[in-house]
Amino acid sequence: MSRRSLLLALLALSACGGSKPSTPAVALSDLLGAGDTASFARADGPRDFTFPADHGPHPGFRTEWWYVTGNLTSADGRPFGFHLTLFRRGLAQPEGRASDLAPSDLWMAHFAIADGAGREVHAHERTARGAGGLAGAAWSDDGAGDSQLRVWLEDWELAFVDGLGAGELPRLRLVARAGDDALELNLAARKPAVLQGDAGLSIKGSAPGQASYYYAVTRLTASGSVEVGGETFAVDGSAWLDREWSTSVLGQGQVGWDWFALQLDDGTDVMLYQMRLADGGVDATSHGSITEKDGSHSKLEGSGYTLRSADTWHSPRSGAPYPSGWTAVVPEKGLELRITPLLPDQELPLSVVYWEGAVQIEGTRAGRPVRGVGFVELTGYADIGEGGAPR
Amino acid sequence: MLALLSSAARHARRRPGGALLAILGVALGVAVVLGIDLANAASLRAMELSVERAAGRATHSVVGSPDVDERLLRTLRADLGLRAAAPVVERDVALSPAESTAAPAPDEVLRLLGLDPFCEAPFRPYLASAESGFAVDLDRFLASPDAVLLGAETARRLGVEVGARLDLRLGAERRSVELIGVLEPRDGFDAELLRGLMLCDIATAQELTGSLGRLTRIDLVLDDGPAGEAQRAQVEALLGPGERIESTGARVGTLARLTRGFRLNLQALSLLALVVGGFLVFNALSFAVVERREELGLLRTLGATRAQVSVAILIETGLLAGVGVVLGLVLGTALGAGLVHLVLRTINDLYFSLEVGASTLAPGSLGKAAVLGLVTSMVAVLAPLREALRIEPHRALQRSSLEQRAQSRARLGLVLGAVLLILGAAVIAAAGRSIQISYAGLFAGLVGAALIAPRATDLLLGLAEGPLARLLGGTGRMAARGARRSLSRTSVAVAALSVALAASLGVAVLVTSFRATVVTWLDSALVGDVFVTSPSLTATRTTGSIDPSLVERLERTPGIVGTQTFRGRVLQTSVGRVQVIGVGIDRARFERYLFAEGSAAIWDDFAAGRACVVTEPLAFHHGLSLGDEFEIESPGGALTLPIGAVTRDYASDSGVVVVHLELLNGLLEDERLSSFTFEVAQDASVDAVIAGLRERLAPDEDLQIRSNRSLRAETLRVFDRTFAVTSVLRALTLVVALVGVFSALSALGLDARRELATLRAVGMTPGQLWRTLSTQHALLGAAAGLYAIPLGYALAWCMVAVINRQAFGWTLLDLEPAYGAVATAVVGSVVVAVLAGAWPARRVSRSSVVEALRDE
Amino acid sequence: MTAPEIHNTGGPAAVQTHGLVRRVSEGGVEREILRGVDLRLERGEFVALLGRSGSGKSTLLNLLGGLDAPDEGEIWIDDQRVDTLDETARTVLRRRRIGFVFQAFNLVPTLTVLENVLLPLELDGRADRAARARARELLVDVGLGDRADSFPDRLSGGEQQRVAVARALAGEPALVLADEPTGNLDHETGNGVLDLLERLVRERGVTLLVVTHSAEAAGRADRALEMDDGRLVGG
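Protein chains in written order, with UniProt numbering: chain A, 1 to 391; chain G, 1 to 856; chain Z, 1 to 235.
Certain hints may be false.
Stated by the list, open to error - Computed beta-carbon distance windows for the label pairs:
1. G:G623 with A:S140: 19 to 29 Å
2. G:E662 with A:S140: 31 to 41 Å
3. G:Q234 with A:V161: 26 to 36 Å
4. A:P369 with G:G364: 46 to 56 Å
5. G:L314 with A:P316: 53 to 63 Å
6. G:R842 with Z:S25: 55 to 65 Å
7. Z:E216 with G:L416: 32 to 42 Å
8. Z:G145 with G:M378: 41 to 51 Å
9. G:G367 with Z:R154: 45 to 55 Å
Derived by calculation from the structure, the hints in this document are not laboratory data. Using N, Cα and C, we set each Cβ at its ideal position, and we do this for glycine too.
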């Protein structure tokens, strides 16, 4: 695994000046589990999730993210997809550094708005050290016993405001601005957090500890404003929060994943993913879940669903061929869904090149027609070799 | 109509030379505009990159006394959203020989530079670009409290490898660090910048230097203009006690300003290419119609209406121009690519590997060139077409009517040209600081001068006729007359040649003057050979604080032969807040100032504190002149001084006031210095002197010491290379003008075949004919060359004294005469014209008299 | 050069050719324009050359004037063989010994009438004061004494051809070659020019060969020759 590529990416395009990335892409696998992992804890067994603490950071683990995606519509019906991710990557930091600027984590954040009318994605990336107040995740006490969680990278911020206890409906506030693109949203959960995989342990491969702890808030109502290219729209819609922490995720022979977060208009939320293997197959540990309208949920084994891509879209930038449009079938739940991207081109040309985009859904559940919106993430398609070392 | 068109098509087939020349002319005109545009874009980018890489991109820094609170970084980046803000901790460290090494070598001094790699992208590209071999473990760089990097060359010189431990002395403390990687520079330029640098994470630097919570400075890139002013005000509002924002000073500012100057001059070159290209196109196509006046007359005689003939001709022109434009775009792109390659190779040879090329095919440039080709083509045929159709059909055959028209056209051109010249001058005078408007004026003036060119040439040729007839007899008179008569066909080509020559001359004068200015100014601005300042202060003019006793101690270092001391402070004056510089210099140094007004004769008053000196930008912006009273307020009270002199200076847009150091010390009621410079004996090594100075510094005395001698040399090298590009472009313009003249003269040869055959029939030998034609061409060339001299000087003067001054508030030094360029212009133009005419002349003198006579 | 004597017979001929052949190749096919022309013009003789278009008249004239060189045969002017001379020598011979009058006048437009007349002398370096005076006289002779400083395009066709006649005679040639000198002129004007040409030539004892279609013009000549398909017939 190359640490050099990450260094290059971080050094050369640390996104300070908003300049276009000019260095090669970094494989996500580099961010997830590369480097010195010996001093970090691993997701190697079941654990008890405790809220609100688990909304906050888990510095014992090497990699962690706060991932908010969603679909929004302006008053006049203009559709937008959005995406704000804050990645934390722990450093094996010796004890007792005197400087306040000595980092214990590196932070990278991606912020993107897909403009359904403008037919393009506005994507931005930032990196910072988790020190000196530049980036971090921290609890603050308001003095009345209620704590708030702030996860931020410079002026991009996701704040957990209240409803953070176990079984409660969290409320969040999201603020991000980059040049003429901005997002300000209030998010209110409609269902409590659900633990993915086996009670929150999401096994990603056969090696011991090759797993993550993973929970999600699968449906939040979103309202606020979107600014694209300097034009501001009042918007409403729905969002999805994913929280995952781990130390080693991708294993040998795994090249990337296709991940689906689908919100249907009958109140059902579906998460499906498949971990793709270098030999073209799908890792048997791939899994998903269904969260019903009332918040009850169940795990879907990989054998319990099929994902067939309908078409291929070739990125004009990276040349990568991405599947574009799918049919998802979950026989035991009577689900048959046709999934169409809001825009074919939602590839994010950042230091990690991947496709992360809003989708629209039509289909049936037990024979009754359903519609919906969702988000899809496709990684490992851009032209980088095994282990992600570019060039 | 069909018949007319096929007649036109057959004409083109029967006389493929004419059609070919027209297409060639259009193609060349389009190609030169496009090619120069592309090359300009590339060389400008190259220049910007070189400046950027030499100086970094920071426009401002927040500095403190002595340093800055690190929390300001978060405030700037997160609260203010200022993306281009980077923290720096910087200090000299002494590298002790490892314990095990027996030889007691003197301590090596390195500059420790602590940076945040996540904030660096906009600032020090030479760090990020050091790519190969940069297999550095970022985790360790950030997390390890003792990880450092060195430039590869420095590491080799010190004989250390990755993994080695280095012992550092910082003041009284000793610290051990580990070399975790080396930075392999891409080229010599980066190597220069990395020399003597030890790089580490910002936190590591804080810990090593014991400056926890503090930063040496925060570098900023602020926008230009009012937006930047607003940003600056926002930053200023956030500063704590002792913190202030300053522009990054003379060196960076000067380079940036010179880049602007360079861009300005390249734009001028593009403009000239546009004029020359326009003339070429005009020449090619108007000639194509002139040549066919007889046929047009015949068509009219046969009953074709004016409209029918016009449409047929315009369609034909459109086709010719279309082919020419397409050809020209291809040619121009190739030309541009070739030039870009040339430009970059020149730069790469010496400096660094740039990747400007491939993607510079700007649609704007393509469009501009294509529109120029098509529109000029149409305009070019309209006048001769109207003329050919206005006269009675049978008279179209008569030469005298043509000559009459040509003469009246020359008169019209004279009037129009004079009007445009005056208009251009007026526009430039009234343009204020807008370069675009100034350029519009310059363009008008150029076109005006070009319109006058035929009349001026005619005048010169008329003057030459008598002497030539005496000198060469009949052939001389015939050559002079022939040249004058031919002006009806060649005037446009001659004008194009004149403008191209003038452009070439103007740019040569400009570049020569520019370089002379840079040399002189470098000598006066980078005073002395060694520059010493306190570390937080990167500029030559700062407000830092050095004890004068230090200077007395240091100047005893062997090799030092002279000392100048400086102190700067921004003070309230009668024209607002202005940087006041106190200089501790002697009379000899004072005499080396570049006086724009006044002279070194005021030295006695200056030294006694009875006069001040202001720089040209300050004088220009505030309307100050010699003898005006200038008031300076200070803690020690207000003081009014007469302005004894105005000096040229390129370091500051806003300008500064210079007084004697003792006067400023008196005003500020203490004795401190911002910086000082030493002059080193010619035969002494500056590097050795710098090493000697470092030895004399106490461990806790942290000063930045820099060699001005090598900086001067480096700067000049950059400029020489950059301006080498302009000579290539100049040569190109000339070559294109040559081809234009060539095509005009060969078209003339085609047209005059019968006339020349008659001369042969009457008894002119081939040699005589060749001599006559060559003399005629030489005359045209000489006339164009002579006309180009005043035009070129006017152009250069306009650029130097008017446009540059309006844009930047400063003037270049006096125009350098550039005699070489003048001689080149005249001799070159004669040679060009003779060469251009040589082939047509040879062909005519060789061709069969019989056939030429039969060719009716 | 003194005024020439008139020799009708005996002595060297003014012009003599033997077996002149001139070929041109047209599209790869060689065609003989002249197929062996033997011609003799005596000094002071006025000869008309008749024939259909394309019969080779102009070609013969060009060969005689040294504007063109034969493929076979000899050309003698006075007692000098000229077909073997190089281009420059032929040119010098032409300007000293031969005057041309063209159908299309062919005056140099950038020179005044007087300068046009002086041109052959000027080219030969003989345009001294005396020559200028003679040129002015010649212009008076052709009736254009008051137009010496006009440019040719200010003159009518007849006037231009009279200037051309003056130019042809200015160098005091032994031979004047005229190629359809009246072809571009109306009948009356043409006759005037022909009168002038004949008068001046006879006054000076110059040999004159006129290519013409006009039987009237041929009638004035001492004898008429006819060309047919590259050969001289009759005469």
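- Query: Any of the earlier hints contradicted here, and which numbers?
  - Reply: 1, 2, 5, 6, 7
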